[in-house]
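Chemist: Sequence:
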Amino acid sequence: MKKCVLWAMLAMAPLWLCGQKSELGNWLIYFGNKQISEKWNWHHEVQYRNYDLIGDLEQLLLRTGVGLNLSENNNNLLAGYAYIHSGNYLPGGEEKTYVSEHRIYQQFISKQHFGRFHIQHRYRFEQRFVEDDFKMRFRYFLSLNVPLHRSTLSDRTFYFSAYNEIFLSTESPVFDRNRLYGGLGYKLGPRLRFELGYMNQFFERSGRDQLNMICFASF
Numbered sequence: 001m002k003k004c005v006l007w008a009m010l011a012m013a014p015l016w017l018c019g020q021k022s023e024l025g026n027w028l029i030y031f032g033n034k035q036i037s038e039k040w041n042w043h044h045e046v047q048y049r050n051y052d053l054i055g056d057l058e059q060l061l062l063r064t065g066v067g068l069n070l071s072e073n074n075n076n077l078l079a080g081y082a083y084i085h086s087g088n089y090l091p092g093g094e095e096k097t098y099v100s101e102h103r104i105y106q107q108f109i110s111k112q113h114f115g116r117f118h119i120q121h122r123y124r125f126e127q128r129f130v131e132d133d134f135k136m137r138f139r140y141f142l143s144l145n146v147p148l149h150r151s152t153l154s155d156r157t158f159y160f161s162a163y164n165e166i167f168l169s170t171e172s173p174v175f176d177r178n179r180l181y182g183g184l185g186y187k188l189g190p191r192l193r194f195e196l197g198y199m200n201q202f203f204e205r206s207g208r209d210q211l212n213m214i215c216f217a218s219f
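Using the numbering used here, the first residue of the sequence shown is number 1, and each one after it goes up by one.
One or more of the hints may lead you astray.
What the hints assert, rightly or not - Now the in silico label distances, taken between C-beta atoms and shown as ranges:
1. F219 / L24: 28 to 34 Å
2. E94 / L192: 39 to 45 Å
3. P91 / H121: 36 to 42 Å
4. D56 / F219: 31 to 37 Å
5. R156 / F114: 19 to 25 Å
6. Q112 / F219: 23 to 29 Å
7. F108 / V174: 17 to 23 Å
8. K34 / F108: 17 to 23 Å
9. L144 / Y83: 28 to 34 Å
10. F114 / H149: 17 to 23 Å
11. F108 / Q35: 14 to 20 Å
12. I104 / V146: 31 to 37 Å
13. F125 / I54: 31 to 37 Å
Stated by the list, open to error - Pairs of lysine-lysine residues, derived as BS3-like cross-links and limited to a Cα-Cα distance of at most 25 Å, are as follows:
14. K135 / K96
15. K39 / K111
16. K34 / K111
The hints are simulated quantities; they were obtained by calculation from the structure and are not laboratory data. Nothing here was measured: the structure is a model prediction, and the numbers come from that model. Idealized CB from N, CA, C, for every residue including glycine.
Let the sequences and hints guide you as you build the complete structure.
Modeler: What follows is the structure, given as structure tokens:
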């Protein structure tokens, strides 16, 4: 019954969102991971970000990378590339200018498991080529997944998901942004899970709220 309710929510969410008048943004996200060998993996993701709930492009992000497992299921070192196409509103809020970014990044992921609590740390360093400008940025991501109706995060399990990520620039001002997220997830099987959640993105002088619909796939 719980499975049916979740699938109905996910299926109806885009229709419900289209009928709402809101300043809330919407991110549609896919994360994929392919195990190439016992040690190596291929990461890939697509993020379609909207200023409103659907139809007003804020950003399209395509990211990929190759990772090395330093220890089984716990520590991963990865390097990769991302392409970002952004639509930025000009002063006045009527017209957009479009900007392309090429990004090289390196990251380290460490996972911990304490009873029902699944914790992940991600440390990422980015070199960003934004049009004719070059920038560097450090990101720290801390996430928590907790199964709700079972003692373990096994197949066909609902879980609570939360994360916080802070972005720090190598230039002044150092603080770039912070993202705080909370949501409900469902693990369909060993290779597939879904999440629906709410995220607040806080900048130095402003903030934005986004609905996040996320698919995680391993194959």
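Chemist: The structure should be examined with respect to each hint, and the outcome stated for every one.
Modeler: Structure-based check of all given hints:
Here the CB-CB span from F219 to L24 is close to 32 Å, well matched to the stated 28 to 34 Å. For E94 paired with L192, a C-beta distance near 41 Å keeps the hint of 39 to 45 Å intact. Between P91 and H121 the beta carbon distance is about 39 Å. The supplied range of 36 to 42 Å therefore holds. For the pair D56 and F219, the supplied restraint of 31 to 37 Å holds, since their beta-carbon distance comes to about 32 Å.
The supplied range of 19 to 25 Å is met by R156 and F114, whose beta-carbon atoms lie about 23 Å from each other. For Q112 and F219, the Cβ-Cβ distance of about 25 Å falls inside the hinted range of 23 to 29 Å, so the restraint holds. Distance hint for F108 and V174: a CB-CB separation of about 21 Å, consistent with the stated range 17 to 23 Å. For K34 paired with F108, a C-beta distance near 19 Å keeps the hint of 17 to 23 Å intact.
Hint check: L144 to Y83, Cβ distance near 30 Å, so the stated range 28 to 34 Å holds. For the hinted restraint 17 to 23 Å between F114 and H149, the CB-CB distance of approximately 19 Å keeps it satisfied. As the Cβ distance of F108 to Q35 is approximately 18 Å, the hint placing it in 14 to 20 Å holds. Here the CB-CB span from I104 to V146 is close to 34 Å, well matched to the stated 31 to 37 Å.
The hint said 31 to 37 Å for the Cβ distance between F125 and I54, and at roughly 33 Å that hint holds. Proximity of K135 to K96 is assessed by CA-CA distance (about 22 Å); at most 25 Å being required, the pair is judged to hold. This hinted pair checks out: K39 and K111 have alpha carbons roughly 16 Å apart, not beyond 25 Å. With a CA separation close to 18 Å, the supplied pair K34 and K111 stays within the 25 Å bound.
Figure legend: structure checked against the earlier numbered hints; every hint is met.
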